[in-house]
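Student: First to last, the protein sequences are chains A and B.
Counting the first sequence from 1 gives a position; the working numbering is that position plus 6.
Counting the second sequence from 1 gives a position; the working numbering is that position plus 37.
Quick caveat, the hints were computed from the structure, so don't treat them as lab data.
Since the structure is predicted, the reported quantities are computational estimates derived from the model, not experimental observations.
It is possible that part of the hints are untrue.
As the list claims (entries may be wrong) - Going by beta-carbon spacing under 10 Å, a handful of chain A positions derived as facing chain B:
#1 Lys18
#2 Ala21
#3 Leu26
#4 Asp28
#5 Pro29
#6 Ala32
#7 Ala33
#8 Glu143
#9 Ile220
Even for Gly, the Cβ is constructed at its ideal location relative to N, Cα and C.
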Amino acid sequence: MALDPVESAIVKNTALFAVLDDPTCAALLDQAFVSDYAESELLFNKGDAADRFFVVLAGRVHLFALTENGDQTIIEVIAKGESFAEAAIFARGDYPLNAEVISGTRLLNIPAKPFLRRVASQKGLAAQMLGSLARWERRLINEIADLKNRSPVQRLGLFLIALAPPGQTNRLELHLPLAKGNLASRIGVTPESFSRALKRLEKSGVSCRGQRFIIEDVEALRQFCGAD
Amino acid sequence: MAPTHVTVFSRDSLPEIFLTPMFAGLANTDVEALLRGSRVEVFGDRQLLFSERDEAKDLFLMLDGHVEIFIRQGRRRIVVEVAKKLSILGESALFSDGRHPHWARSVGHAKVLTIPAAPIIEAMDQNFDLALRMLRTQSIRLRGLVEQISRLKLKSTAQRLAGFLLGLTDKNEGPVSVRFPYDKRLAAEALGMTAESLSRALTRLAMIGVDSRSENMVFIPDLRALQQFVSDEGG
Numbered sequence: 007m008a009l010d011p012v013e014s015a016i017v018k019n020t021a022l023f024a025v026l027d028d029p030t031c032a033a034l035l036d037q038a039f040v041s042d043y044a045e046s047e048l049l050f051n052k053g054d055a056a057d058r059f060f061v062v063l064a065g066r067v068h069l070f071a072l073t074e075n076g077d078q079t080i081i082e083v084i085a086k087g088e089s090f091a092e093a094a095i096f097a098r099g100d101y102p103l104n105a106e107v108i109s110g111t112r113l114l115n116i117p118a119k120p121f122l123r124r125v126a127s128q129k130g131l132a133a134q135m136l137g138s139l140a141r142w143e144r145r146l147i148n149e150i151a152d153l154k155n156r157s158p159v160q161r162l163g164l165f166l167i168a169l170a171p172p173g174q175t176n177r178l179e180l181h182l183p184l185a186k187g188n189l190a191s192r193i194g195v196t197p198e199s200f201s202r203a204l205k206r207l208e209k210s211g212v213s214c215r216g217q218r219f220i221i222e223d224v225e226a227l228r229q230f231c232g233a234d
Numbered sequence: 038m039a040p041t042h043v044t045v046f047s048r049d050s051l052p053e054i055f056l057t058p059m060f061a062g063l064a065n066t067d068v069e070a071l072l073r074g075s076r077v078e079v080f081g082d083r084q085l086l087f088s089e090r091d092e093a094k095d096l097f098l099m100l101d102g103h104v105e106i107f108i109r110q111g112r113r114r115i116v117v118e119v120a121k122k123l124s125i126l127g128e129s130a131l132f133s134d135g136r137h138p139h140w141a142r143s144v145g146h147a148k149v150l151t152i153p154a155a156p157i158i159e160a161m162d163q164n165f166d167l168a169l170r171m172l173r174t175q176s177i178r179l180r181g182l183v184e185q186i187s188r189l190k191l192k193s194t195a196q197r198l199a200g201f202l203l204g205l206t207d208k209n210e211g212p213v214s215v216r217f218p219y220d221k222r223l224a225a226e227a228l229g230m231t232a233e234s235l236s237r238a239l240t241r242l243a244m245i246g247v248d249s250r251s252e253n254m255v256f257i258p259d260l261r262a263l264q265q266f267v268s269d270e271g272g
């Protein structure tokens, strides 16, 4: 398996692998391989035997269901740095949803059989993984509490940051995909507190004309909003 | 706080447990061994099942009612989620430092199967299948939390409320009436909004035909339309 150091770090920063040591990770990923997708394409169908799970190294994956008319309903969007389909692997069953990779995506494929064989044969490894998931759960719970505990100003800031390309730290111009009134309702504030929030964000270097936002310093805004 | 009512568990009375990923498809004898010493406990309104930092000795499989999971940040109490029937609580503590990372308190009432952890931990060493079940249960739980985070970041209050309403029915299409399973204030807290935002969100949903009625009932004329509303980029 050929992963560059950045990609290895991504894998080691997923819920399942976070507390495992390097030799254990290497053994678990012995048969893993990378796949790249220049165009969007179907990765698997609902009901296919779940023979591998995945870590998104770049890009994103949509998990979707099909309506009777054949329309897609996107159930989950899996972002860079997240793993998916591991629950299906542990069930030794089928994929419960369809998956589509978006163009420009790079996936680490981890075949189920050798992975599970390794987990079964190394004593204590399953418990260690459960420990890893438990630790991850705490992290997620804290993140949820942080999000729920934020002021409207911070929520607005976070929404803007979520639209910034990953790794962006300095000046950024954003064209919002929605009108300001919609943005207020999206972040859950009245139009009045939205205007107040915008005014307060100006002090943090955010200006806005119509649907165009200019963030002078993304990193500073990130800190102001208490984002990681 | 002590539960108001405790009975010894008997497997025959609880076919529900086989619906959870943890116990589905297990042989009766295995289940009996795993549930050794389990008891059914009934909690009234606002009784603590456990507190943060409490030593975790049991797992809790929810049989009925609701339990709010919350943590404290400074003086604020923040509801992370409200667990319902067939949720399993308390298992993550068993594999980390052995202490609960949050509070769990009944809402209205809660009936839980309290399962001593020791026989399960012991069995896991010998029984790889059981370890896989635990891994699966935890993976599903984490996926749910990750989803909640992305909804909090990117979905409007009306979309979050719509998603909550969709979760109250097993149906996928057509019209349906659902009822808020607990008071709207708690629903708002769990969804990360104020009670005022929740009523504004209900007004917003009324524009696509969702009708709030008396006694916390909500009529959804078209489930598909509501699903579409939740997955739309705008909102």
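Student: Run every hint past the structure and note whether it holds.
Tutor: Cross-check of the supplied hints:
Residue-level restraint check for Lys18 (chain A) is violated (minimum Cβ-Cβ distance to chain B is 17 Å; threshold 10 Å). Hint status for Ala21 (chain A): holds, given a least beta-carbon distance of 6 Å to chain B, under 10 Å. Of the supplied interface hints, the one on Leu26 (chain A) is violated, with its beta-carbon coming no nearer than about 13 Å to a beta-carbon of chain B, more than 10 Å. Annotation: Asp28 (chain A) was flagged as interfacial toward chain B, and the flag is violated, the nearest CB pair being 21 Å apart, outside 10 Å.
A hinted interface residue such as Pro29 (chain A) counts as satisfied when its beta carbon comes closer than 10 Å to some beta carbon of chain B; here the least separation is about 20 Å, so the hint is violated. The interface hint given for Ala32 (chain A) is broken, as the beta carbon of that residue sits about 20 Å from the closest beta carbon of chain B, more than 10 Å. A distance limit of 10 Å between C-beta atoms decides the matter here; for Ala33 (chain A) the minimum to chain B is near 17 Å, and the interface restraint is violated. The restraint placing Glu143 (chain A) at the interface with chain B holds, with a minimum CB-CB distance near 5 Å, inside the 10 Å limit.
The criterion of a C-beta within 10 Å of any C-beta in chain B is not met by Ile220 (chain A), whose closest approach is roughly 21 Å, and the hint is violated.
Checked against the numbered hints above, the structure breaks hints 1, 3, 4, 5, 6, 7 and 9 and satisfies the rest.
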